[in-house]
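Put chains B, C, D, E and F on the given structure of chain A with help from the hints.
Protein chains: 6
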Amino acid sequence: MSELSHLDSAGRARMVDVGDKPITRRAAEAVGQLLCAPETLALVKAGEAPKGNVIATAELAGVMAAKQTAALIPLCHPLPLSQVVVEITPDDGLPGFLVHARVRTTGQTGVEMEALTGVSIACLTLFDMLKAVDKGMEIGAIKVTAKSGGRSGSWQA
Amino acid sequence: MSELSHLDSAGRARMVDVGDKPITRRAAEAVGQLLCAPETLALVKAGEAPKGNVIATAELAGVMAAKQTAALIPLCHPLPLSQVVVEITPDDGLPGFLVHARVRTTGQTGVEMEALTGVSIACLTLFDMLKAVDKGMEIGAIKVTAKSGGRSGSWQA
Amino acid sequence: MSELSHLDSAGRARMVDVGDKPITRRAAEAVGQLLCAPETLALVKAGEAPKGNVIATAELAGVMAAKQTAALIPLCHPLPLSQVVVEITPDDGLPGFLVHARVRTTGQTGVEMEALTGVSIACLTLFDMLKAVDKGMEIGAIKVTAKSGGRSGSWQA
Amino acid sequence: MSELSHLDSAGRARMVDVGDKPITRRAAEAVGQLLCAPETLALVKAGEAPKGNVIATAELAGVMAAKQTAALIPLCHPLPLSQVVVEITPDDGLPGFLVHARVRTTGQTGVEMEALTGVSIACLTLFDMLKAVDKGMEIGAIKVTAKSGGRSGSWQA
Amino acid sequence: MSELSHLDSAGRARMVDVGDKPITRRAAEAVGQLLCAPETLALVKAGEAPKGNVIATAELAGVMAAKQTAALIPLCHPLPLSQVVVEITPDDGLPGFLVHARVRTTGQTGVEMEALTGVSIACLTLFDMLKAVDKGMEIGAIKVTAKSGGRSGSWQA
Amino acid sequence: MSELSHLDSAGRARMVDVGDKPITRRAAEAVGQLLCAPETLALVKAGEAPKGNVIATAELAGVMAAKQTAALIPLCHPLPLSQVVVEITPDDGLPGFLVHARVRTTGQTGVEMEALTGVSIACLTLFDMLKAVDKGMEIGAIKVTAKSGGRSGSWQA
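Protein chains in written order, with the numbering used here: chain A, 238 to 394; chain B, 238 to 394; chain C, 238 to 394; chain D, 238 to 394; chain E, 238 to 394; chain F, 238 to 394.
Think of the hints as simulated: they come from the structure by calculation, not from any bench.
You may find that some hints are simply not true.
[What the hints assert, rightly or not] No more than 25 angstroms apart at the CA atoms, straight line, and that leaves these computed lysine to aspartate or glutamate pairs for DMTMM-like: (1) E:LYS282 / D:ASP245; (2) D:LYS372 / E:GLU375; (3) A:LYS282 / B:ASP245; (4) F:LYS380 / C:ASP245; (5) E:LYS372 / E:ASP329; (6) C:LYS258 / A:GLU240; (7) E:LYS258 / F:ASP254; (8) A:LYS282 / A:GLU324; (9) D:LYS372 / D:ASP245; (10) A:LYS372 / B:ASP371; (11) D:LYS282 / D:GLU375; (12) D:LYS258 / A:ASP254; (13) E:LYS258 / E:GLU324; (14) F:LYS282 / F:ASP328; (15) F:LYS380 / C:GLU276; (16) F:LYS380 / C:ASP329; (17) A:LYS282 / B:GLU240; (18) D:LYS380 / E:GLU276.
Next up, chain A with everything else stripped away, as it sits in the complex (with noise of 0.2 angstroms):
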């Protein structure tokens, strides 16, 4: 018998009931980041005036996957999300670009894997925008930062 959630008695994968949960309000945070050469960044800076359109893609792109979770991830439950919010900003100091995510809903289950698909869209969506120019980027450092609501509380990384 195992003692991970997601396998039954017989090691099957399953979806978790969590028809019993109570519904309470839910909130989750996740970060990651997408490293690249000083010359790629300076080349979206430069970009950004006036438009932004590369940030402002790959931020859509995450909002539209977070959305996407239960689709991608095999044994997510479908469920409605009050807030989806992605941000990315460029940093000097990687170099490369920081990217946020924010997710909310009313439920019996978390979010959290929602705020990782969406933060590791935004990563891709900024890797495909800037590949022609840098072949050599990286996408790292994927993490849930904060947790909160659910019968486990509140919890920060």
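Here is chains B, C, D, E and F on its own, set in the frame of chain A:
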């Protein structure tokens, strides 16, 4: 005017026109990893016998997500794929899981994004199945490792 | 700072947080039309007997699309729908087709966008099925005609 | 006027309005089977040790498809699901595979279609993975075996 | 090492590489049936005049689902389809409905799964529209009846 | 027998068989508009500086929707697209927004529906982002303006 292929002269995000590119056989490989606590890794490795469903589930999620790349990444071109393979290996050294994806097509544009999307969603699926026992996991080191076909020829990281 | 609900103070597109809104029964209705040549309309009306599949196909496409609204409109909230009806009426006066959609839910946000999406895709489906005989068709007059439920109460165009 | 719930008085297909139905816990179970040659079954059972990926793949496909039911079945209501389980058992007596699905929700309408869709896509996935060695397979005996919750109470086949 | 094409030498599920296969015109046909009570069949046949929307709705759902095959069946290749036809015939002898699908493409792999998926979802849609009047229906006899194109040539059940 | 290409001789909706059509480069352009109050237009134009996210969001939604055309329009053929561009221009004369889409492919069938779908969803996205300040907006004048490639040659509205 931008030097970025995905912005037009007005800074507007656009799908690059690949209509004039030759139809060639193309391949791409990408990698990534999920870092977790040694206890989490041990649980999965124990659970692997006899069924292996954590890893099998995440590999399959990666394959299926690679096929949805053009729906997830706003400026990606929809294209038929002739092969998608996602392989996950537990690694005591990390500790965690190494994820590798290989994608092939015959078409007018490369498949790096499909390989990266397969890796990313496989990592997220591992995260989802293990998050109940390990809150501090981190996804990272996602990058393209090889690419072949198309005007720019072969490339290896 | 913007007065537009879908932009944050930095001008970034966002999903509005509806988490504090009351859960109420909500409904919305929308209309639209496809203008075509009188001969095109006559062909459909003749084809209606005995099977009616042009109109039935477009109505069904509208219903199915209404359920995909949150996947299509970037900042729309995913929400369960309790009813979707799309009705198409041939109209000799236009000449063309009148399309009407009615959507109901019990939730935290309105369903105008679902009704409008149902109307739009129904119009596009009519266009698709008739474009081989009529190149000059036009879709128009798509608007919300009624809305009820939620903080702002009922509204009629 | 039709006695069929999914046709209105004009014979038009429609989503039934479930807005007045009580929100209750609901469950449904469905079964089905894939009939194949005894040699095909033997190959899978041999392949099961040590990895079992034919069955695991089909079970997972069933779970994921159940979550897409409202996108596939035109007049189905989109609704959150609290649990989906798909279990496949090789059966020498058929010979073939027995597929069983159980779906739970808390909502205004039943989940028979979600259970049936999970069974159907699991059967199709088995078929896909085995068709290179067995052209004559057949999918059948797909039906609802149990249902609970809602106005009509519990029901068992 | 497995003799199953969809498992690699380690037993891992994989998409078969079709990149070396010739691009040929391919077709596949599949059938299936929904068994119901004679009264249910009579209701549909009565309802058919004048609108026929139960059958038209299910046929259309089958066509649309065939186009989603690669998203539903994990190891199926995404490929453009040049034709999809789904035809449903009421049959007093069963009693019930016969469902037939025919799919065509020009590509590197066959379209049996597309035909089978079209049949399956058409059957499920009939079930959905009739389940309020008939709880004991059963879907069955789903199989491939003909296949042409590709290395293995034509085949007929 | 119907003269409509999308109905067979029995009046049944069908996907036209394009398997015999030549593979050629094809393009289509479509336009549409959103009419709004002058104050609404002014708000967007003010908000455009410096970020422009209302228009960028709607353009991107149009591009992404064009790629989903075959999933939305029941009898459309799925096909790879080599380019999609959606451009939105504020227009004081309307007052409102002009939407223009251009789609290219190399395939067996035209891409008018993809261009029209891009325009329609871009209009709906503008509507969604502005509906909180303007209830009386109207979407209209959606039509094909140019088409090239294929048996019927070039065409301009």
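Each hint tested on the structure:
With a C-alpha separation of about 16 angstroms, the suggested pairing of LYS282 of chain E with ASP245 of chain D holds against the 25 angstroms cut-off. This hinted pair checks out: LYS372 of chain D and GLU375 of chain E have alpha carbons roughly 23 angstroms apart, not beyond 25 angstroms. At roughly 16 angstroms between alpha-carbon atoms, LYS282 of chain A and ASP245 of chain B fall within 25 angstroms of each other, so this suggested pair holds. The straight-line distance between the Cα atoms of LYS380 of chain F and ASP245 of chain C is roughly 34 angstroms, outside the 25 angstroms bound, and the hint therefore fails.
About 19 angstroms separates the Cα atoms of LYS372 of chain E and ASP329 of chain E, which keeps this hinted pair within 25 angstroms; it holds. Annotation: proposed proximity of LYS258 of chain C to GLU240 of chain A is violated, straight-line Cα distance about 39 angstroms (limit 25 angstroms). Straight-line distance between C-alpha atoms of LYS258 of chain E and ASP254 of chain F comes to about 23 angstroms, which keeps the hinted pair within the 25 angstroms bound. This hinted pair checks out: LYS282 of chain A and GLU324 of chain A have alpha carbons roughly 15 angstroms apart, not beyond 25 angstroms.
Distance check on the hinted pair: LYS372 of chain D and ASP245 of chain D sit about 42 angstroms apart at the alpha-carbon level, beyond 25 angstroms; violated. Restraint check for LYS372 of chain A and ASP371 of chain B: the C-alpha separation of about 33 angstroms exceeds 25 angstroms, so the hint is violated. Between LYS282 of chain D and GLU375 of chain D the alpha-carbon distance is near 19 angstroms, which keeps this suggested pair within the 25 angstroms criterion. For the hint linking LYS258 of chain D to ASP254 of chain A, the alpha-carbon distance of about 23 angstroms falls within 25 angstroms, and the restraint holds.
Between LYS258 of chain E and GLU324 of chain E the alpha-carbon distance is near 31 angstroms, which puts this suggested pair outside the 25 angstroms criterion. Taking the CA atoms of LYS282 of chain F and ASP328 of chain F, the gap is about 10 angstroms. The hint holds against a cut of 25 angstroms. Straight-line distance between C-alpha atoms of LYS380 of chain F and GLU276 of chain C comes to about 18 angstroms, which keeps the hinted pair within the 25 angstroms bound. With a CA separation close to 20 angstroms, the supplied pair LYS380 of chain F and ASP329 of chain C stays within the 25 angstroms bound.
Between the alpha carbons of LYS282 of chain A and GLU240 of chain B the distance comes to roughly 12 angstroms, so the proposed pair stays at or under 25 angstroms and holds. Pair hint LYS380 of chain D plus GLU276 of chain E holds up; C-alpha atoms about 18 angstroms apart against a cutoff of 25 angstroms.
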